[in-house]
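K.L.:
Working from the sequences, and respecting the hints, build out all of it.
Below, each chain spelled out in residue letters.
There are 4 protein chains.
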Amino acid sequence: MAAAPAPELTAQTWFNTDDEVLLSGLRGRVVVLSAFQVLCPVSVSIGIPQALRIHQTFDPKEVAVIGLHATFEHHAAVTAPVVKAFIQEYRLKYPIALDQPSRSGPIPQTMERYRMRGTPSLVLIDRQGIIRKHAFGPVDDLRIGAEIGALIQDAGETASLRPLHAGTGIESGFSTPRSPQ
Amino acid sequence: MAAAPAPELTAQTWFNTDDEVLLSGLRGRVVVLSAFQVLCPVSVSIGIPQALRIHQTFDPKEVAVIGLHATFEHHAAVTAPVVKAFIQEYRLKYPIALDQPSRSGPIPQTMERYRMRGTPSLVLIDRQGIIRKHAFGPVDDLRIGAEIGALIQDAGETASLRPLHAGTGIESGFSTPRSPQ
Amino acid sequence: MAAAPAPELTAQTWFNTDDEVLLSGLRGRVVVLSAFQVLCPVSVSIGIPQALRIHQTFDPKEVAVIGLHATFEHHAAVTAPVVKAFIQEYRLKYPIALDQPSRSGPIPQTMERYRMRGTPSLVLIDRQGIIRKHAFGPVDDLRIGAEIGALIQDAGETASLRPLHAGTGIESGFSTPRSPQ
Amino acid sequence: MAAAPAPELTAQTWFNTDDEVLLSGLRGRVVVLSAFQVLCPVSVSIGIPQALRIHQTFDPKEVAVIGLHATFEHHAAVTAPVVKAFIQEYRLKYPIALDQPSRSGPIPQTMERYRMRGTPSLVLIDRQGIIRKHAFGPVDDLRIGAEIGALIQDAGETASLRPLHAGTGIESGFSTPRSPQ
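Chains as they are written, first to last, in my numbering: chain X, 3 to 183; chain L, 3 to 183; chain S, 3 to 183; chain G, 3 to 183.
Derived by calculation from the structure, the hints in this document are not laboratory data.
Please note that a few of the clues may not be correct.
Each pair may be met inside one copy or between any two copies, as identical chains are not told apart.
Stated by the list, open to error - In silico DMTMM-like pairs for lysine to aspartate or glutamate, Cα to Cα no more than 25 Å straight-line:
id, residue 1, residue 2
1, Lys63, Glu22
2, Lys95, Asp142
3, Lys95, Asp61
4, Lys86, Glu75
5, Lys63, Glu75
6, Lys86, Asp20
7, Lys63, Glu114
8, Lys86, Glu22
9, Lys86, Asp142
Everything numeric in this text was worked out from a predicted model, so none of it was measured.
P.N.:
Below, the structure written as structure tokens:
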């Protein structure tokens, strides 16, 4: 699934946004898609905290974090109000889609379309809307940071090279060279 | 000090390398300079483990990790055999310089030249030999990963754009787009 | 509330047990009462893992771990099936009461009776059924371990002294003296 | 070695105390003997922090923490000034013995006498001077806490039972029963 164009998300409802989020509307930004379930221990202990750190570390003009509650088990229990209360309690501020259930099976539609193997899953989508990474389970901060940093810096084959400085993507003391020799 | 050309290291001795390491010989690679002291608790609990993770995560053809034991306190106790035994016990495999003492004060020469404020310090040097980040104390893995990833991807103003794929820098399932549209 | 007789729990339902658990039926054992909520981040990241460690560390003949889901917020969302699915996913094996809602307010009956300030709360009850500790929020493992260890060893004023050995309470290499002089 | 009388320590020098510490002078207190080496990664990352937590958690009138630097490797490098500087940097405040070297081999005398298998090692000695636990490598806080708590509470076969309250051993809100029925 990696390196294909990222399909749009199909949500039964969205949280933290007035309007449906379209990936096509995020072209030019790196997108981090964080799939989780509120009753999945690894999502809660590892996936969600990492998504929060990504959301806090990068400039939202450069990196858009999108959550996806991919309900593929405990369908009767995990209703929209449960997901909503979880988002409130964990103080998630980025847009989160509640995946659209399938008509024929337990795997919801977006999860199916992305062929996710479970939760947590992490998908990196580049500025052109292409899936560049698709991981299931825990991923090291150092590695995912490097991949996001490379995608921020990567402007695509037709674009002019982007200068590397603090204003584009990484909010830190990362500096631009002063007249390098 | 950031964004200036990185000065060479002055070592009284090197570990894990037969020859003195020259930064000028590492042009084309991103260099991560990890300054530490064996009796500095934050170096040992945070700085060294992070340097090890960086060394394990990135392709050494893309990212060179260099250690610097910047002895600025406990000079009489922390002799070369202590640093050598520490390197062995902590299984550090990257080249490590034991900083050259100053003739006039407690701050050793490389530490002075880089104007480091203490240990641990982390310096990122780009492919052209320019200092791009200089941090004192703990740094998040996500942030340092992003900065290294951007420097890997950054080929400089005169270079052609580097394709982003697993073979260049990040050893992971990070993928190249298949015929992106 | 500490040092008073521990009141019985009032549950709308119990999980992991066929019969209602009565504290009066646990006399002679130390009881660890772990109050939590499935959508409470500190319960999930700290309270529940600690209760699991307590359950795994001590001999159940000596230390009985009892959970209490003290639903005092998100009443409409957090239904019995949500709590049941959480217990399954987090592999909690000890008996857990779903607290009986109040007829007049948000605080459920057992939580009210114990005057708990929130979740997570931890209550230690001695072999005679007396509350010996009542903590709200995170508690160090070392401290709670010491308090449980003391209660295991404490046989009460009228009982004969219990010998300290591996068979009573702590499953470890903790040994009995061989003919101490 | 467990359950035998604890032999006295033989030190080439002591830190953090004016006088040699004799275990015989600590009768009536639980003694936690924490053996470590400054260049042993598991000592530094796990053993030392746990000894510090024990030292901070328990009343020193009840629990005496004693360190032992059991130099069994890197003898030439790890001199007394190295151990002294480490103790200063890690802010260890409890008495620490630098083990007396053997005349015939690498294992120093106290380490040999206690038959320690390596560092870190943790030895628990009861109020009567009997070894009750001897562990090599990491030990859970919960378990070691329980064992210390039991030893604090355990007054020995001939003593009258000690009441359990905050004043004896555990500095916390651990309470005495008010007229238990």
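K.L.:
Tell me the hint numbers this structure goes against, listed in increasing order.
P.N.:
Those not satisfied are hints 5, 7, 9.
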